[in-house]
Amino acid sequence: MSASQTTVGRTREQMAERVAQDIPDGSYVNLGIGIPELVAKFVPEGRELIYHTENGLLGMGPAPTEDDGEPELINAGKRRVTLNPGASFFHHADSFAMIRGGHIDVCVLGAFQVAQNGDLANWSTGEEDAIPAVGGAMDLVAGVKTIYVITQHCTKHGEPKLVESCSYPLTGVGVVSRVYTDLAVIDVTPKGFQLVELSPGVSFEYVQERTAAPLLPA
Amino acid sequence: MSASQTTVGRTREQMAERVAQDIPDGSYVNLGIGIPELVAKFVPEGRELIYHTENGLLGMGPAPTEDDGEPELINAGKRRVTLNPGASFFHHADSFAMIRGGHIDVCVLGAFQVAQNGDLANWSTGEEDAIPAVGGAMDLVAGVKTIYVITQHCTKHGEPKLVESCSYPLTGVGVVSRVYTDLAVIDVTPKGFQLVELSPGVSFEYVQERTAAPLLPA
Amino acid sequence: MMNKVWSSAAEAVKDVSDGSTVMIGGFGDAGSPIELVHALIDQGAKDLTVVNNNTGSGEVGLAALIKAGRVAKMICSFPRTAHSEVFTELYRAGQIELELVPQGTLAERIRAGGAGIPAFYTATSVGTPLEEGKERRTFGGRDYVMEYGLPCDVSLIKAKAADRYGNLIYNKTARNFAPIMAMAAKTAIVQVAEVVPVGSIDPEHVVTPGIFVQRVVHIKAPQHESELVKQGVSYV
Amino acid sequence: MMNKVWSSAAEAVKDVSDGSTVMIGGFGDAGSPIELVHALIDQGAKDLTVVNNNTGSGEVGLAALIKAGRVAKMICSFPRTAHSEVFTELYRAGQIELELVPQGTLAERIRAGGAGIPAFYTATSVGTPLEEGKERRTFGGRDYVMEYGLPCDVSLIKAKAADRYGNLIYNKTARNFAPIMAMAAKTAIVQVAEVVPVGSIDPEHVVTPGIFVQRVVHIKAPQHESELVKQGVSYV
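Protein chains in written order, with our numbering: chain A, 1 to 218; chain B, 1 to 218; chain C, 1 to 236; chain D, 1 to 236.
Among these hints, one or two may not hold up.
As the list claims (entries may be wrong) - No farther apart than 35 Å at their CA atoms in a straight line, the calculated lysine-lysine pairs in the DSBU-like style are these:
id, chain 1, residue 1, chain 2, residue 2
1, A, K156, D, K220
2, C, K230, A, K145
3, D, K14, B, K145
4, C, K186, A, K145
5, D, K134, C, K186
6, D, K160, A, K191
7, C, K134, B, K145
8, C, K186, B, K78
9, D, K73, A, K78
10, C, K186, A, K78
11, A, K156, D, K46
12, A, K145, D, K134
13, D, K73, A, K41
14, B, K41, C, K160
15, B, K191, C, K160
16, A, K145, C, K134
17, D, K220, A, K78
18, D, K134, A, K191
19, D, K73, D, K14
20, B, K78, C, K160
21, A, K191, C, K186
22, D, K14, A, K78
23, A, K41, D, K220
24, A, K156, A, K41
25, C, K134, B, K78
26, C, K134, D, K46
27, C, K230, B, K156
28, D, K186, B, K145
29, B, K145, C, K230
30, C, K186, B, K41
31, B, K41, D, K186
32, A, K41, C, K186
33, B, K191, D, K186
34, A, K78, D, K230
Read the hints as simulated data drawn from the structure, not as lab findings.
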């Protein structure tokens, strides 16, 4: 199974591009560290999104060119960023009031596992000797209106990430709205995983085989 | 009793002047509406106090001359005020965080009654047909480090305001540190009312007669 | 393109529905969004629960809204006012409900409403008649009461300037309740004396980030409550 | 005369006592009060409970304080860091305690600590392993957990400029935890690149009013954590 993953379905960039299509003009958006950050590169022409970063900035712009930028203008991943016009700075409690109070429209996050009821596990693999670290993930999934997950459909070892119930420690209960993978776009519904669309060249059966819970056809 | 009140003891200004002596240099101070406001006029030379007003200003200055001033630069009593250098504006929740969080050093308030255990009644006389109104009084007495009361020793009708226990609805329980009246300065202690000093020309007996709880001599 | 600037106060308040909880900013003459409140009176929504520190002055703004019979309940800290009998009369007649809240508790409840905090504890009101009906609990040897976060449907506030993203700066003590009321509202409507281009407010100086603002109305020369009251104006 | 400007970082941290709870501002390279933390290392206070979003980087600043064995317990949201093994080693050896708190809950607990709120409810962590030991309660049909306000003895923070009253302005995302940590502290100590005359910060632009600041130290050219780490500097 794992060998085929590099050639079948969407690349990371294509996954990010697909997510970007679903975020309406004028949304306030928080993008998680890693693949989710790519989403900003693919926002369709004419849409204006405003990016929030937990460490106190609304109106975050792209990374500065080369090794430019300032050490005190960074994002939640501690990378240097720029400012878009109309930006604002605020302290951490105000920043998470935006999150907890439901003011952020969309958050795009990575995942270890997503369960068919929308449970998300993305902060810990629960290993005995790991140093636990959670950051803002639990606040984001509890507070943001719509949680999109962007992830490879399976792990590097070919294990499904979409599951009946998460075996890893949860980040939040029933919080995920939609999952974008290399193979498909899948909604979390009261009836479970609902296929929205298949990636080009991917069959329903192919996705179902790699999903550890029933998948409702589109 | 009431007839003598205009000639015996301290005037309102003298009471305010006496309070001002007890507020250390560098204190953050909230002065209630009415007589407490007079305190600011009598701060001894060389002391720098910073005045807080609940409606979002630290570094409040005196009233503007004549009918000067601006409609949107006012104090909690809704009177026009000025700014001292080093002032700052903030919203209501931050303003009361200063109060509730114990950041204000001294608050000077009026009173209907003060009980010997420090209970304060100053927001309602509990009349049946009165429209209840509390403002920020309960927040101030619950949050400010030191609560000073400035008040006439007795009501206009000659009734003592320093009592064994308040008959009026409470503003706060055990909150008053010291009471400044026309007749005396009195501390609230675990043993009850403790005389600190008599106003010039006033005898201990005279004050005790007008106090409805035991008064410990200085 | 994100553009939160609406064509008029009337348009901006058009969809306020009966029974809404409406927060109205301002403390005395500072920050009172008179024009938005008058537009709400014209619009006609009724059975409102209104949150403000007071109950208005004279017969303009909030006092006029109350006099017009649109307010079923006031949540405030100080309903007595120097220049208004409007609330008093209706209250005595049993025609308006009052929830009296200490000013700092009111501010914190509004902030909590905007910050996704359903309840918190405060020492304010412990042992007083305003503790009635509240849950008491001891932390670290001190008694506190539980208070609920207070979100709302609509906030009407006033600021000095906004850009089309809704970023706001205020004028002096007119700031008061506005930033937290913007946070607490599903729809925060702000009247500003000036609409400025995006990018012209220094990101360090923005007081209310645009995320908390849904609609901006340009009211170039806002009226002052105290002047209207002095002139004897009645908006009902 | 009120003058909160102290002569040196060493003087300003002189009275920090063993067993204190110390909040340290900063998020990554932004707002890290390196010079104050190094002064605290020199000063020698131990058995500290330290609150920071992370556990420092390399062997400077907070990481150096931990490596020096002064920290009994960390309260943070993310103790793993790219350029430091200091915390990890001590934690695995059972020589340092960890209280893991979601970042937004941490921020709100600090703000509550400064605002006199002993406890509040949040939906964050409900149904997760971090709910363990917390009280769950339902409001409006949704589950929340109770979290405690987190005050502290001392805060070490960094700002851009201060006046002698302690009014502060910050630099960009270096603001992060500093304003709320100033609120939460009995003694908030701030290092600033610039001390400006009283009256030179516009009252509309003050981010932290001086009432939340007890001591100001002038550090003209503060070091950046990432540069020190790159240079391989070790402060222990």
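Violations among the numbered hints: 1, 2, 6, 11, 13, 15, 23, 26, 29, 30
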